[in-house]
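Got chain W sorted already, so can you dock chain F onto it with the hints?
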Amino acid sequence: MPPYHHLRYIVAVTIALCAIFSLPAATTVIRGPYLQSATPTSMVVRWRTDNTEPSIVRYGLTRTELTTTVKAEGITTEHFVHLSNLKPNTRYYYTMGAEPVAKPAAAGTKKAGAAPAAAEAEDGPGKAPTSSFVTPPESGSSQPTRVWVLGDPGTKGDTQRAVRDQYYKFTDKRATDLWLLLGDNAYPDGTDTDYQKAIFEMYPETLRTVPVWSCLGNHDGKSANSITQSGVYYNAFTFPTRGEAGGVASGTEAYYSFDYANTHFIALDSHDSDRSLDGAMMTWLKADLAATKRDWIVAFFHHPTYTKGTHDSDKDSDSAGRMNDMRQNFLPVLEAGGVDLILTGHSHVYERSFLLDGHYGKSTTFNAATMVKQKGEVRADGVVVYRKPRARTAHFGDINVVTGSAGHAGSKTKPPALNHPAFYISLNEAGSSVLDIDGLHLTLTFLNDKGEQRDRFTIIKE
Amino acid sequence: MSRRTNLFVLALLSATPAGAHPEIQDALERLTTALAATPNEASLYLERGELYARHDDWPAAEANYLRAAELAPRLPRLALARGSLALARGQVSAARVLLDYAIALAPSDPTALILRARALARLGLTPDALTDYTQAFALLATPSPELYLERAALFASPADALRSLADAFVRLGPVISLQLRALDLEVALRRFDDALTRVDLLTSASERRELWLKRRGDILVSAGRHAEARAAYVEAQTAIAALPAWLVTSPDTVRLSIELTRLATTTP
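Order-wise, the sequence lines are chains W and F.
Its first residue numbered 1, the first sequence is counted upward by one per residue in the working numbering.
Its first residue numbered 1, the second sequence is counted upward by one per residue in the working numbering.
Here chain W stands alone, though its shape is the one from the complex:
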């Protein structure tokens, strides 16, 4: 071979190799997209890819005109893009990456598990890479709001799927505005693999269309640390720490608050943060309660103040005293701050109290005559109605709901006692709760895994 032939050969091979290595690596979205830290004017979009690539979101007001592009710095597999300057209460369409290759939806999620109203027909991995979300309305405004509440969902099993599917059937065309996870989101250890199966592959359509908020459960806490703000839970979620979503700056994702329309939501860490009376979480809570101007205050955390389900709030040793701490230390402050509704999980049952105030001891100290502020009027349609003044009034009463059975209920063969006197109703059934807030009406429905509405109450402010 003449010498120049060698040269031509080397040049040709070099060009071919350059061409091969300059091709963009095909990436697959293996988690998400999912929506975080929603405010009326901003949204965080997160997702994970199997290979590193730039974090790019293209979005716009119509599906066919994704006219704005936001690119985060660097290349990564864990993508985080903050969209800002959005319009309140507006639907945005979005897609991730320059040319993303989407993974087909997890098995089952496109069938009975499909969220009919949350996603429009053309949205979705496996079909079209464009999803959509609606930004929250202006804080303080009043508009019908639907919240899906899931306590202890993460069993990855048939019960979790049944609870999910019954909610999708129930809500049908009514879009979900936000959803709350009450902790123990991914059993058994809250690992990344647990989260992948129990959350990201279980609710893909809801995740990419509805902002999700959470508090830390004990099983999440096995792979996370609130003091160091590290671990799977803290890596997976992005929550407001500087009051950017409407609350007071907490400085931590372990506890935080946010507004949605005329409701102020408060997430507490009952598992791993300091629960003492002079701790940072308590200091923040008092300031946050004092600062809000919203009509409704809803607090959520993992460990219930009262339960006789798969846990017993009368036993000091149960959950290392965390239920005592929340009842004795935090409940008085929440009630003084005018909280309306407290949502908890941990106990794998549904228990719902009367409108209560002042019960901070064991169940033997419960005094219905002084602590039950209202038993509730039962309307002809079975809905139990409570009434509160609109003027925020300390210690007027709140309803405590334990809804920790979105993954499984207590044992059927050795059923829990379910005999705490603070509760109006106690059920050993799997299910989730649906919170509807419309102006000065707040309604919660417990929907079991058979699709039956097993409890429904309304608080009316006048």
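Wrong hints could be hidden among the right ones.
[To be verified] Simulated coverage check for chain F against chain W, where a stretch passes if three residues somewhere in it have a Cβ under 8 Å from a Cβ of chain W:
id: 1; stretch: 44-56
id: 2; stretch: 143-153
id: 3; stretch: 244-251
If you are wondering where the hints come from, they were derived from the structure by calculation, not from laboratory data.
In this text, a Cβ means the ideal position worked out from N, Cα and C, and glycines have one as well.
Coordinates of chain F only, in the frame set by chain W:
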């Protein structure tokens, strides 16, 4: 293992936490089954010890850790787990020794550094504790406000405590629990202008300005600036008047309004 230790371990390893949750039982059964198959697997004893420790069953946790230590003294996380347990049980000197070892094995573990800082603080070794906190903060992306408060509490001088919070505001933003601590320190140091600047920042960021304006008035009273204090109380009443009617008539707001009227008229 001595016969005595054997009995101790056997007695404790079969213990279950009072009020055990079904999932804890499941985890214990899973670990016990695994240990039956591989009785010399130290990591399983560590895992079981951690499970007990999470539920405050300290004797059972310790028995499992000891067995793990016999099998694999340098097992990652073991010294940390044992140090954490000793600290929780109030065995501070023992905790310090174990955490020294944990940090020798993993010098960049912020959790071990924080635990040792707490142990050192309880032993009265404040400078060493401060060093550990500072080193841990450098390793953490976002140290929690609790940690900054813990560190600030170690300083004998309010001025040093206040200085120690400055880094927190840079890294975490205007966190309320830290702002309030800083405010208390500034008032204690009679740095009233700094305190007022801080209150003004809090006022501008709040939807309920009246609460912070009252605080401003209180600080001005402490500073002996009574005319300005009266003006702050009056401004707080104006802020209340601007609230939605349903909040103006809330009992807490009514009480605050009455208090502001009293302060505005009685402040000399």
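Here is how each hint holds up against the structure:
Only residues whose C-beta sits within less than 8 Å of a C-beta in chain W count toward coverage, and the stretch 44-56 of chain F has 3 of them, enough to reach three; the restraint holds. Evaluation of the coverage hint for the stretch 143-153 of chain F: fulfilled, as 6 residues show C-beta separations to chain W shorter than 8 Å, against a requirement of three. Here's how the stretch 244-251 of chain F fares: 6 of its residues keep a CB closer than 8 Å to some CB of chain W, so the rule of at least three is met and the hint holds.
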